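Protein chains: 2
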Amino acid sequence: MDQIIQIQTELLQSTINRVYKRVPFYKNIMDSACLSPEDIKSIEDLKKFPFTTREVLSENYPYGLFAVPLRDIVRIHTLRGINGTPVVIGYTRQDVEHRVMLSRRFLEACSVSSDDIVQICLDPGMSVVGQDLKEGAEAIGALVIPPDPISTEARIRILVDFKTTTLITTPSYGDYLLSKIKEEGPPIAALSLKRMIVVGEAVDVSTRAKWMEEFGIDTRAGYGITEVMGPGMAYECEALSGLHMALDHFIAEIIDPDTGENLDIGEEGELVVTTITTRANPLIRFRTGDITKIIQKPCPCGQTLWRLAPVKSRSDDMISIRGVKIGEKIIEYFLKEQLGKVPSYCLKVRKDRPLERLELKIAMSPEIFTGSLPELHVFLRQLEEAFQEKVGITCSISPGEEKSLQELLQRAKGHILIE
Amino acid sequence: MDQIIQIQTELLQSTINRVYKRVPFYKNIMDSACLSPEDIKSIEDLKKFPFTTREVLSENYPYGLFAVPLRDIVRIHTLRGINGTPVVIGYTRQDVEHRVMLSRRFLEACSVSSDDIVQICLDPGMSVVGQDLKEGAEAIGALVIPPDPISTEARIRILVDFKTTTLITTPSYGDYLLSKIKEEGPPIAALSLKRMIVVGEAVDVSTRAKWMEEFGIDTRAGYGITEVMGPGMAYECEALSGLHMALDHFIAEIIDPDTGENLDIGEEGELVVTTITTRANPLIRFRTGDITKIIQKPCPCGQTLWRLAPVKSRSDDMISIRGVKIGEKIIEYFLKEQLGKVPSYCLKVRKDRPLERLELKIAMSPEIFTGSLPELHVFLRQLEEAFQEKVGITCSISPGEEKSLQELLQRAKGHILIE
Numbered sequence: 001m002d003q004i005i006q007i008q009t010e011l012l013q014s015t016i017n018r019v020y021k022r023v024p025f026y027k028n029i030m031d032s033a034c035l036s037p038e039d040i041k042s043i044e045d046l047k048k049f050p051f052t053t054r055e056v057l058s059e060n061y062p063y064g065l066f067a068v069p070l071r072d073i074v075r076i077h078t079l080r081g082i083n084g085t086p087v088v089i090g091y092t093r094q095d096v097e098h099r100v101m102l103s104r105r106f107l108e109a110c111s112v113s114s115d116d117i118v119q120i121c122l123d124p125g126m127s128v129v130g131q132d133l134k135e136g137a138e139a140i141g142a143l144v145i146p147p148d149p150i151s152t153e154a155r156i157r158i159l160v161d162f163k164t165t166t167l168i169t170t171p172s173y174g175d176y177l178l179s180k181i182k183e184e185g186p187p188i189a190a191l192s193l194k195r196m197i198v199v200g201e202a203v204d205v206s207t208r209a210k211w212m213e214e215f216g217i218d219t220r221a222g223y224g225i226t227e228v229m230g231p232g233m234a235y236e237c238e239a240l241s242g243l244h245m246a247l248d249h250f251i252a253e254i255i256d257p258d259t260g261e262n263l264d265i266g267e268e269g270e271l272v273v274t275t276i277t278t279r280a281n282p283l284i285r286f287r288t289g290d291i292t293k294i295i296q297k298p299c300p301c302g303q304t305l306w307r308l309a310p311v312k313s314r315s316d317d318m319i320s321i322r323g324v325k326i327g328e329k330i331i332e333y334f335l336k337e338q339l340g341k342v343p344s345y346c347l348k349v350r351k352d353r354p355l356e357r358l359e360l361k362i363a364m365s366p367e368i369f370t371g372s373l374p375e376l377h378v379f380l381r382q383l384e385e386a387f388q389e390k391v392g393i394t395c396s397i398s399p400g401e402e403k404s405l406q407e408l409l410q411r412a413k414g415h416i417l418i419e
Numbered sequence: 001m002d003q004i005i006q007i008q009t010e011l012l013q014s015t016i017n018r019v020y021k022r023v024p025f026y027k028n029i030m031d032s033a034c035l036s037p038e039d040i041k042s043i044e045d046l047k048k049f050p051f052t053t054r055e056v057l058s059e060n061y062p063y064g065l066f067a068v069p070l071r072d073i074v075r076i077h078t079l080r081g082i083n084g085t086p087v088v089i090g091y092t093r094q095d096v097e098h099r100v101m102l103s104r105r106f107l108e109a110c111s112v113s114s115d116d117i118v119q120i121c122l123d124p125g126m127s128v129v130g131q132d133l134k135e136g137a138e139a140i141g142a143l144v145i146p147p148d149p150i151s152t153e154a155r156i157r158i159l160v161d162f163k164t165t166t167l168i169t170t171p172s173y174g175d176y177l178l179s180k181i182k183e184e185g186p187p188i189a190a191l192s193l194k195r196m197i198v199v200g201e202a203v204d205v206s207t208r209a210k211w212m213e214e215f216g217i218d219t220r221a222g223y224g225i226t227e228v229m230g231p232g233m234a235y236e237c238e239a240l241s242g243l244h245m246a247l248d249h250f251i252a253e254i255i256d257p258d259t260g261e262n263l264d265i266g267e268e269g270e271l272v273v274t275t276i277t278t279r280a281n282p283l284i285r286f287r288t289g290d291i292t293k294i295i296q297k298p299c300p301c302g303q304t305l306w307r308l309a310p311v312k313s314r315s316d317d318m319i320s321i322r323g324v325k326i327g328e329k330i331i332e333y334f335l336k337e338q339l340g341k342v343p344s345y346c347l348k349v350r351k352d353r354p355l356e357r358l359e360l361k362i363a364m365s366p367e368i369f370t371g372s373l374p375e376l377h378v379f380l381r382q383l384e385e386a387f388q389e390k391v392g393i394t395c396s397i398s399p400g401e402e403k404s405l406q407e408l409l410q411r412a413k414g415h416i417l418i419e
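The listed protein sequences correspond, in order, to chains Z and X.
The first sequence begins at 1 in the UniProt record's numbering and counts up one residue at a time.
The second sequence begins at 1 in the UniProt record's numbering and counts up one residue at a time.
Just chain Z, with the same shape it has in the complex:
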């Protein structure tokens, strides 16, 4: 561990030097805190920095956080922001190579080899992650079936006929696909599936135990956030004993989400990440919003570096729907923009229905709508279209009476009810 801390320290110093020189946002906060790059002598000194939040990313749109000139950027990924302002993340050629290398490392840790047939089933909302994992699997020399928009039925046929050994998907879609197979066939003996690699959402112990029991397949989870370098940030090895983090690319801290204070190793709190190899868009103390802890004891696989515990919740109201994050702020920004005000509403997340999992009920006051019943139908359709376009997830929108909405909200956390 000492050696990795030495590497991290050197990379951190060089990152801090670069952002001080090249990113006005970081120079300003360092100057205001009377911090100069020379003050960063150890990883501990990172604590002197304020956090970089998702809001900071939106506020510095379009390229306020870029540490290289635009001519050195070869790719720009765009994400939905919380309030309509997109978030953009730039990549140099080296950054793109790192993304692929990290994905490759993740898949190799899952024992994927050139003998494997890797089928990727991810929603368009996770296209960047799918792309990284495709490139990582191709680099290993596996046969790759990338995410094309075909039906679940067709995906199952391909799974059988092409003898897929490795399925990469979200836990919810993976569970849906396996339950379809269980109900409608083919017989489990017809499958060549050895493992499911899940990304985008947390997978619970009972679900993976069920998959193992019913299908005899291993589950491996990965962890990553779209804002930094894709899916290969941390991943499970065969010991299934926490997620090995790519410590040569990231420094992790765990903080109390309310006070921002650093917590002791082993305590549960919000993961904060600092990139130390990223060229185009380095982030210092980025608050991920994910609640986890650091596991210090060596992994049964032999590695002695610490690992992350699986993420079990978030410090904000955001939830992940098939890998796309959504929360109250996003919904309310949407309603305000579309209806001019935010009426009473409840967002129901139907965990039992993977294909259309969001239901938004809104109170229909005369301020919002006064037309006839057929007009209401059209109105709701248009609202659904706008939701799809602006928020990026299919959602069924229906009118609710004030009273029944209040009843729903009693069972909900905030405005979000998970069923």
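Treat the hints as calculated values from the structure; they're not laboratory data.
These figures come from a predicted structure and were not determined experimentally.
In this text, a Cβ means the ideal position worked out from N, Cα and C, and glycines have one as well.
Misleading hints may appear alongside valid ones.
[What the hints assert, rightly or not] Ranges between beta-carbon positions, derived for each pair:
hint, chain 1, residue 1, chain 2, residue 2, range
1, Z, G185, X, K182, 30 to 38 Å
2, Z, D258, X, E153, 33 to 41 Å
3, Z, Q3, X, N17, 33 to 41 Å
4, X, S206, Z, S32, 54 to 62 Å
5, X, E108, Z, E367, 27 to 35 Å
Dock chain X against chain Z, hints included.
Only chain X this time, still in chain Z's reference frame:
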């Protein structure tokens, strides 16, 4: 032209040799026609072969048309078939490299250089095409903004703030995006857009003239089909005088779609394509369904090889909705599967509404549905969900009375009404 015919002949002979040895489907049809590989002495001899249709692709699922063993395949793309059976196309490493090279050539013919900022806006239904063009643009060294699922509004902000010079999209989405800019801003002077590269659908002369007049941007069209090597099959040069075809990779014929007879050069008919460099999935005389003609006179750009005229229609009922093909067979297979029978129906294609362009009206007989009005709402929602999942396009489904449906159908071509 003589030289290219020489190259084509040699590559054709080697392709025919390979498929005779390795693809039972082609061996069988050659044997039944008493054809041996040695009989193919010139391109003219291709006429002795029967056609390969889209149905043949489905019938030979999963790998009946593969000319290499599965271990040499590095990627498999999956397409929706007409009747629920998927179509799969395999690629060797060399095939993947050819795809990227052809996309690169296409973009270079459109004058895209390492100074360009290329923003790709394509639906998830065209993810493979988007991927190819992304890789082609990256190979040129351009800055690429790949297709992420964000709102049109956010795309326009990025177009302005990142000074996009080249927009790659479908003509309908491109038109929608430009009309949004015209209505809601930014001022046209804020744009750095030089060209729009359109794929997936034909673009008409008046639309491109409008874009030029209102925005001062060039339009370049490309042509490709998903079944063979992606978007770089043919493309316009700066002379805008027909599409240069990659004649070192494909042999083209024009046939009468009704009789299957070859037509003379310059006559309008269905394009039939034979691949001559493809390793994994070579196709002999593949019927594209696209109606076009060959232009023999040299291009004003200086190239003396012939070109393809822009595709103006199809020989079957298939239409392209934002790059995804749909036709009566697909709709009827869907209705039969979901409702047990095919009721009277009419598919309205709303060319004025890019975000939800399909409306399917179906006659609600008591055999199909007998419930209450609220139950009907749920029933239609579920049908729409299934349509999205199975056909792959968002469609608004509503009940129609038999009489009004018949009136609609009088204005339609078959069951499809384009408005």
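Legend entry - Whether the CB-CB distance between G185/Z and K182/X falls inside 30 to 38 Å: violated (53 Å)
Inset, instruction - Kindly confirm whether 33 to 41 Å is satisfied by the beta carbon distance between D258/Z and E153/X. - result: Because 34 Å falls inside the window, the suggested range holds.
Inset, instruction - Just tell me: holds or violated, for the beta carbon distance of Q3/Z and N17/X against 33 to 41 Å? - result: The hinted range 33 to 41 Å is violated for Q3/Z and N17/X, with Cβ atoms some 58 Å apart.
Legend entry - Beta-carbon spacing of S206/X to S32/Z - inside the hinted bounds 54 to 62 Å or not: Given a distance of about 57 Å, which is inside 54 to 62 Å, the answer is holds.
Inset, instruction - Mind checking the hinted window 27 to 35 Å against the Cβ distance between E108/X and E367/Z? - result: The hinted range 27 to 35 Å is violated for E108/X and E367/Z, with Cβ atoms some 56 Å apart.
Comparing the model with each earlier hint shows violations of hints 1, 3 and 5; every other hint is respected.
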